[in-house]
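S.K.: Next come the chains, spelled out residue by residue.
Protein chains: 2
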Amino acid sequence: MNQTKGSQSIVFEEAPVIVSAASVAGSKEAEGPLGKLFDMTNPDDLFGAQTWEEAESNMQKEACVLALGKAHIDPEKVRYLFGGDLLRQGIATSMGVEPLRIPMFGLYGACSTSGEALALAGMCAAAGYGKYMLAVTSSHFGSAEKEFRFPLGYASQRPLSAHWTVTGSGAFLVAAKSASAGEKAGNLRHVRIAGITAGKIVDYGLKDSQNMGACMAPAAMDTIICNFRDMERSEGDYDRIVTGDLGYVGQSILFDLVKGKGYDIRKKHMDCGMEIFDRETQDTHAGGSGCGCAAVTLASYILPKIESGEWKRVLFVPTGALMSTVSFNEGASVPGIAHGIVLEHF
Amino acid sequence: MNQTKGSQSIVFEEAPVIVSAASVAGSKEAEGPLGKLFDMTNPDDLFGAQTWEEAESNMQKEACVLALGKAHIDPEKVRYLFGGDLLRQGIATSMGVEPLRIPMFGLYGACSTSGEALALAGMCAAAGYGKYMLAVTSSHFGSAEKEFRFPLGYASQRPLSAHWTVTGSGAFLVAAKSASAGEKAGNLRHVRIAGITAGKIVDYGLKDSQNMGACMAPAAMDTIICNFRDMERSEGDYDRIVTGDLGYVGQSILFDLVKGKGYDIRKKHMDCGMEIFDRETQDTHAGGSGCGCAAVTLASYILPKIESGEWKRVLFVPTGALMSTVSFNEGASVPGIAHGIVLEHF
Numbered sequence: 001m002n003q004t005k006g007s008q009s010i011v012f013e014e015a016p017v018i019v020s021a022a023s024v025a026g027s028k029e030a031e032g033p034l035g036k037l038f039d040m041t042n043p044d045d046l047f048g049a050q051t052w053e054e055a056e057s058n059m060q061k062e063a064c065v066l067a068l069g070k071a072h073i074d075p076e077k078v079r080y081l082f083g084g085d086l087l088r089q090g091i092a093t094s095m096g097v098e099p100l101r102i103p104m105f106g107l108y109g110a111c112s113t114s115g116e117a118l119a120l121a122g123m124c125a126a127a128g129y130g131k132y133m134l135a136v137t138s139s140h141f142g143s144a145e146k147e148f149r150f151p152l153g154y155a156s157q158r159p160l161s162a163h164w165t166v167t168g169s170g171a172f173l174v175a176a177k178s179a180s181a182g183e184k185a186g187n188l189r190h191v192r193i194a195g196i197t198a199g200k201i202v203d204y205g206l207k208d209s210q211n212m213g214a215c216m217a218p219a220a221m222d223t224i225i226c227n228f229r230d231m232e233r234s235e236g237d238y239d240r241i242v243t244g245d246l247g248y249v250g251q252s253i254l255f256d257l258v259k260g261k262g263y264d265i266r267k268k269h270m271d272c273g274m275e276i277f278d279r280e281t282q283d284t285h286a287g288g289s290g291c292g293c294a295a296v297t298l299a300s301y302i303l304p305k306i307e308s309g310e311w312k313r314v315l316f317v318p319t320g321a322l323m324s325t326v327s328f329n330e331g332a333s334v335p336g337i338a339h340g341i342v343l344e345h346f
Numbered sequence: 001m002n003q004t005k006g007s008q009s010i011v012f013e014e015a016p017v018i019v020s021a022a023s024v025a026g027s028k029e030a031e032g033p034l035g036k037l038f039d040m041t042n043p044d045d046l047f048g049a050q051t052w053e054e055a056e057s058n059m060q061k062e063a064c065v066l067a068l069g070k071a072h073i074d075p076e077k078v079r080y081l082f083g084g085d086l087l088r089q090g091i092a093t094s095m096g097v098e099p100l101r102i103p104m105f106g107l108y109g110a111c112s113t114s115g116e117a118l119a120l121a122g123m124c125a126a127a128g129y130g131k132y133m134l135a136v137t138s139s140h141f142g143s144a145e146k147e148f149r150f151p152l153g154y155a156s157q158r159p160l161s162a163h164w165t166v167t168g169s170g171a172f173l174v175a176a177k178s179a180s181a182g183e184k185a186g187n188l189r190h191v192r193i194a195g196i197t198a199g200k201i202v203d204y205g206l207k208d209s210q211n212m213g214a215c216m217a218p219a220a221m222d223t224i225i226c227n228f229r230d231m232e233r234s235e236g237d238y239d240r241i242v243t244g245d246l247g248y249v250g251q252s253i254l255f256d257l258v259k260g261k262g263y264d265i266r267k268k269h270m271d272c273g274m275e276i277f278d279r280e281t282q283d284t285h286a287g288g289s290g291c292g293c294a295a296v297t298l299a300s301y302i303l304p305k306i307e308s309g310e311w312k313r314v315l316f317v318p319t320g321a322l323m324s325t326v327s328f329n330e331g332a333s334v335p336g337i338a339h340g341i342v343l344e345h346f
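The listed protein sequences derive, respectively, from chains A and B.
Counting along the first sequence from 1, when you hit position 69 you're at 69 in our numbering, and nothing is skipped either side.
Counting along the second sequence from 1, when you hit position 28 you're at 28 in our numbering, and nothing is skipped either side.
Accuracy of the hints is not assured; some may be wrong.
If several chains are the same, the list does not tell them apart, and a pair holds so long as it fits within one copy or across any two.
Calculated pairs, DSBU-like style, for lysine-lysine (alpha carbon to alpha carbon, straight line, at most 35 Å) [to be verified]:
no.	residue 1	residue 2
1	Lys131	Lys261
2	Lys268	Lys5
3	Lys261	Lys36
4	Lys259	Lys146
5	Lys261	Lys77
6	Lys77	Lys207
7	Lys261	Lys146
8	Lys131	Lys177
9	Lys77	Lys259
10	Lys131	Lys259
11	Lys268	Lys77
12	Lys312	Lys146
13	Lys177	Lys146
14	Lys146	Lys5
No lab work stands behind these hints, which were simulated from the structure alone.
On a predicted model such as this, the values are computed, not experimentally measured, just so you know.
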């Protein structure tokens, strides 16, 4: 029986495993510090499509096919797919995963969606609802700028607190513990989802959609502290505490907020948005963001570290800023949400 | 142990129960055939807000508070909330449920979202991930027209195949079987979620976003037939097979598609979009639609029939058309998705 812990967390008695992961990324990401780690990149960011939206769908489909291929699993063997993206009505996901013909649950958690998808995939695998679950998310710089900001041709000036949406998609094949034994293994054999901490929506009243790090930091703090309390842990129990895309601005706020709760995570913290681009040469201001940012960083960089045993336990906390152009124009604040996933080497 | 059935379904060994349900609806819905059944309606459709979006958020919050109140359950007792709406980036849900401070999973399945939310809430309750789960969805005529079509002031002509988005929100408090015994009961004591059939995305290549019934009918057929096969049932095993919002056009297509698979559901079929408005007097063309349509019809009309035992077993199949103004303008097709929920009197 799986155990609920504290107010928001679950620790799996039979922890599901991540048997494979795949990353597909764009040209700017290919030139960044993690560039050589991605499974597939594309020089024109269109991935064979005519539009940014279709390009994003193609990335999702490729990431899923790659993750399935690495584990030698046909799509028919996947019980449920959990996926999402940043676009209105999640069309990148709907159009991207449709050809796989896997029963699917569409998600929206802004840039926290990779955590939401992994949480639900892990929960369903651990509950015996199927052998294999697929979690996939994506974002695309071109489609996101169109969705949230200005047409690229305007070349509008960006404040230093702004993020650069990552062009990328990450897919993760999650298997029930019982299923993973005996079958041909994927590219990962030693990574399990030990537990999850589902996030609450946290609204500190900030309204600046060009400073998403500040909007999301309170939610990241809330989920991290809740994870510590629910699981009776502290920063010392994790080799890394990885947020999704707080960036340079959000990170410093997170450190302050966490310190106010009596913890110091500075030595353990890593932010995917700060890892994926080079601050000096790539001019991405606060760092990377988007549903794809945490997903491709997890698939390409974090999971191999856990697989090798270099990191034994990681708290992965993708963070999302909940807003739309409509809510922004109507003067609403930008609440945040963050979902925590406990990943362990076994 | 819960049992997976066939390719897409689950039958719960310890079926979770719906302990309470609440419906909040707009003025046109109040004048319709179900008008007297809703828990709360509002004559100006603004629910105390300044914008349609905020009005929709207020409806969601009210529906949740009403459902919780009927069962005498505080929000803190709810482990996870599953919610969604039609708006870009799901802001009606984010802004609506934020004050409840319940850990939440944001969903997007277009008008199928009430089924998606009930499926995941039921799956999590049955898996022992918490005593109480909340499922909530909404739609609003004003916010949906703005999101998908034309400013209301244009008074643009609508084709006869077009739907009228329902202003409404339905919330459902789902409890684990073990939790429901012993605690003070909600307004429902005899309705259980016996199983689910998660839907696949089905794309027949239709591109007319003003004919959503035709776009969604193939997905409804796919899920209904899959449910029959997975659970070794046919139309005779259900008192009603209830689709979300196929409307008059979609219903006739569904009948033909299902007949092609060797079944005849005409005597058992009901469509929420056809029930909620009066065809003769309310001028809503193909019928109602939106995440709120199936949700408020379930809460106000269907669940009481199951509660009383008039209907012993119902297959509830909300249907969604997966599109956005961007995908439509780029010439993409409109795929559909439908999730099936088996509701039983016990």
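S.K.: Work down the list of hints and note, for each, if the structure agrees.
M.R.: Do the hints match the structure? See the list:
1. Lys131 - Lys261: between (40 Å within a copy, 29 Å between copies)
2. Lys268 - Lys5: This pair counts as within: shortest intra-copy Cα distance 23 Å, inter-copy 44 Å.
3. Lys261 - Lys36: Neither: 38 Å inside a chain and 50 Å across chains, both beyond 35 Å.
4. Lys259 - Lys146: neither (37 Å within a copy, 44 Å between copies)
5. Lys261 - Lys77: Answer is between; shortest inter-copy Cα gap is 24 Å, intra-copy 45 Å.
6. Lys77 - Lys207: Classified as between: cross-chain Cα gap 30 Å, same-chain 44 Å, threshold 35 Å.
7. Lys261 - Lys146: Neither, since 38 Å and 43 Å both go past 35 Å.
8. Lys131 - Lys177: For Lys131 and Lys177, both the intra-copy (8 Å) and inter-copy (25 Å) Cα distances are at most 35 Å.
9. Lys77 - Lys259: between (46 Å within a copy, 29 Å between copies)
10. Lys131 - Lys259: between (41 Å within a copy, 33 Å between copies)
11. Lys268 - Lys77: between (38 Å within a copy, 33 Å between copies)
12. Lys312 - Lys146: neither (40 Å within a copy, 49 Å between copies)
13. Lys177 - Lys146: Classified as neither; 42 Å inside a copy, 47 Å across copies.
14. Lys146 - Lys5: For Lys146 and Lys5, neither the intra-copy (41 Å) nor the inter-copy (42 Å) Cα distance is at most 35 Å.
Checked against the numbered hints given earlier, the structure breaks hints 3, 4, 7, 12, 13 and 14 and satisfies all the rest.
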